[in-house]
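With the hints as constraints, model all of the structure from the sequences given.
Protein sequence lines, in the order shown, are assigned to chains U and X.
Residue numbering for the first sequence is 236 to 607, as defined by the working numbering.
Residue numbering for the second sequence is 20 to 280, as defined by the working numbering.
Quick caveat, the hints were computed from the structure, so don't treat them as lab data.
Careful, some of the hints might be misleading.
One-sided and incomplete, this derived list gives chain X residues near chain U with beta-carbon spacing under 8 Å [unchecked claim]:
(1) D73
(2) N128
(3) T235
For each residue, glycine too, the CB sits at the ideal point set by N, CA and C.
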Amino acid sequence: MSFAEVMGAYADLDMAKAIHGFQRQDVMRALDKDRLGPDDLLALLSPAAGTMLEELARKATAVTLRHFGRAVQLFTPLYVSDFCTNSCVYCGFNAEQKNKRRQLSLDEVRVEAERIAATGLRQVLVLTGDAQAKAPPEYLEQVLAVLREFFPSLLLEVYALTQEEYARMITAGAEGLTIYQETYDPEQYARMHPSGPKQDYVFRLDTPERACRAGMRWVGIGALYGLGDWRMDAFWAALHARWLQDRYPGAEIGLSLPRMRPHAAGWQPEHPVSDRDLTQILLAQRLFLPRAAITLSTREAPGLRENLLPLGVTRLSAGVSTSVGGHGADQAGTPQFEVADDRSVGEITAMLRSKGYQPVFKDWQQLNPVTP
Amino acid sequence: MHQDMMDDLFEIGGERLGSRLLTGTGKYGDDAVIPEVCAASGSEVITVALRRVDFQAATGNVMDHIPKHMRLLPNTSGARTADEAVRIARLARAMGCGNWIKIEVIADNNHLLPDGYATVRATEVLAAEGFVVLPYVNADLYMARDLASAGAAAVMPLGAPIGTNRGLQTREMIRILIEEIDLPIIVDAGLGRPSHACEAMEMGADAVLVNTAIATAADPVSMAKAFGEAVRAGRRGFLAGPGAQRMQADASSPLTGFLEG
Numbered sequence: 236m237s238f239a240e241v242m243g244a245y246a247d248l249d250m251a252k253a254i255h256g257f258q259r260q261d262v263m264r265a266l267d268k269d270r271l272g273p274d275d276l277l278a279l280l281s282p283a284a285g286t287m288l289e290e291l292a293r294k295a296t297a298v299t300l301r302h303f304g305r306a307v308q309l310f311t312p313l314y315v316s317d318f319c320t321n322s323c324v325y326c327g328f329n330a331e332q333k334n335k336r337r338q339l340s341l342d343e344v345r346v347e348a349e350r351i352a353a354t355g356l357r358q359v360l361v362l363t364g365d366a367q368a369k370a371p372p373e374y375l376e377q378v379l380a381v382l383r384e385f386f387p388s389l390l391l392e393v394y395a396l397t398q399e400e401y402a403r404m405i406t407a408g409a410e411g412l413t414i415y416q417e418t419y420d421p422e423q424y425a426r427m428h429p430s431g432p433k434q435d436y437v438f439r440l441d442t443p444e445r446a447c448r449a450g451m452r453w454v455g456i457g458a459l460y461g462l463g464d465w466r467m468d469a470f471w472a473a474l475h476a477r478w479l480q481d482r483y484p485g486a487e488i489g490l491s492l493p494r495m496r497p498h499a500a501g502w503q504p505e506h507p508v509s510d511r512d513l514t515q516i517l518l519a520q521r522l523f524l525p526r527a528a529i530t531l532s533t534r535e536a537p538g539l540r541e542n543l544l545p546l547g548v549t550r551l552s553a554g555v556s557t558s559v560g561g562h563g564a565d566q567a568g569t570p571q572f573e574v575a576d577d578r579s580v581g582e583i584t585a586m587l588r589s590k591g592y593q594p595v596f597k598d599w600q601q602l603n604p605v606t607p
Numbered sequence: 020m021h022q023d024m025m026d027d028l029f030e031i032g033g034e035r036l037g038s039r040l041l042t043g044t045g046k047y048g049d050d051a052v053i054p055e056v057c058a059a060s061g062s063e064v065i066t067v068a069l070r071r072v073d074f075q076a077a078t079g080n081v082m083d084h085i086p087k088h089m090r091l092l093p094n095t096s097g098a099r100t101a102d103e104a105v106r107i108a109r110l111a112r113a114m115g116c117g118n119w120i121k122i123e124v125i126a127d128n129n130h131l132l133p134d135g136y137a138t139v140r141a142t143e144v145l146a147a148e149g150f151v152v153l154p155y156v157n158a159d160l161y162m163a164r165d166l167a168s169a170g171a172a173a174v175m176p177l178g179a180p181i182g183t184n185r186g187l188q189t190r191e192m193i194r195i196l197i198e199e200i201d202l203p204i205i206v207d208a209g210l211g212r213p214s215h216a217c218e219a220m221e222m223g224a225d226a227v228l229v230n231t232a233i234a235t236a237a238d239p240v241s242m243a244k245a246f247g248e249a250v251r252a253g254r255r256g257f258l259a260g261p262g263a264q265r266m267q268a269d270a271s272s273p274l275t276g277f278l279e280g
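Below, the structure is given as structure tokens:
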């Protein structure tokens, strides 16, 4: 069974209309429960709940503290290749963009790894564009082999792979995977992804499940808020996470809250998401999935990241560059998106400590250490 | 301390312990508070997730904050199979963390409940390798017997799902373990208030492990002290032999009074 079938079961309902019908008492009822159902999630994402964010925030803060304590996992992205065959209209790596492309050699990966390791970070997210011919699974395996010498925890954010390919990545040292559906609205998805392998909506939708089947320990999903109706995208992303968690209890399913930012080509989101909207998404998803890790990237400004932290965020990126070679400081490529929080690892660490939070650098131990 | 409490020995793996409260290292806003928590609680055993220990870090390691007199109890947090738990335990010992190990095998991230079958398998392997094994399990009699046969040094049943602070939800099952299992019973997980810990000790549990309730308290040091006092009070209450509880008041006119005439 695919999550597409779960979505299909809702096909006869006018969800976007229904969400506007919720009243204050529906929200109160949802807040009263320990385990929320899909109806409760919709209520928390409704305009009615939008006027009750303080009440949502009180509970979300308590839930987060109980399950995660005052600890925040830190990581940084490492872009290794920006070659891309997709033409996602919102992305700086869009194949139509004529910027010069770059892919790191393994020696360059090592240089980047040394720079990142020197900051104290112990979890790295490896990113590529979508160009299998340029950066095939074999290349990813080689990159992981280099990085395993430096980092106990490695996550991938690369083009969608098959189950067998994910199994290879696990053997090569990948602990987890991040893959966003971008938007769960199939029509909007088609408009946003007019060409390239990413056009296949269902293959994309089934990707986190293939990773779970392969045995990936950590799978992070989400929507890119701003591409479609944010209330519906937040609903489907959270429901997708719950569905995966129920079917694959051994995997840890996390959520991210990427919000569309301007990029090199100057594309502007059709469905702008305000700070208030983003806060509501975080609160609703936290209450629906009390134990899920929630990541907030440097797409958001320092002040907002700090304010959202106690409401449910458990993972933050730090010392971020969104371009290939960005940690090595020379010959960096074009950024994928504009970073709004360019603070160093030291600065993020100091901020967390000043707010009574412990920065967590290491939260996993490779059990098959690399033999030198 | 009164003589009766001083004679009240508590041993795990042949090691005599002065406190029946075990503490943890997770969820603190600042690990620097850990020494104060240890001192205030009186605890002598502290558990640490090996996955969080960075043996390569020059500074900022949780191990830097654990007082030297504490008995280290590494745990296998993050293990999803018996094999992973075994490998984490071996790694802990190889890295100088001693031969005590708290086995946690959790393959359900919805509820974070322990996998008892896998825990028994890991216990068999590790006990045979000379580890002092403290397995974290559901409060289940058959599982506890299997753990005892497998060589566990104690059994650590959960009071409620981890991190929920709901207290002794498994009260009746823990009571059976206390009666039937000839190993220390250490109630772990779910104890959210000092009164929960006190209740477990009054029931006859040998010890409790408390982490979340201390680490996430507004004042962790004060809460650690409160748990230390509650554990001592509960133990003393158990040793004192509480009077039987009655479900109703004594009738003022006894139904069998006529027999006395």
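Cross-check of the supplied hints:
Interface hint at D73 of chain X: satisfied, since its Cβ lies 4 Å from the closest Cβ of chain U, which is below the 8 Å cut-off. Because the beta carbon of N128 of chain X sits about 5 Å from the nearest beta carbon in chain U, less than 8 Å, this interface hint is met. The interface hint given for T235 of chain X is met, as the beta carbon of that residue sits about 5 Å from the closest beta carbon of chain U, less than 8 Å.
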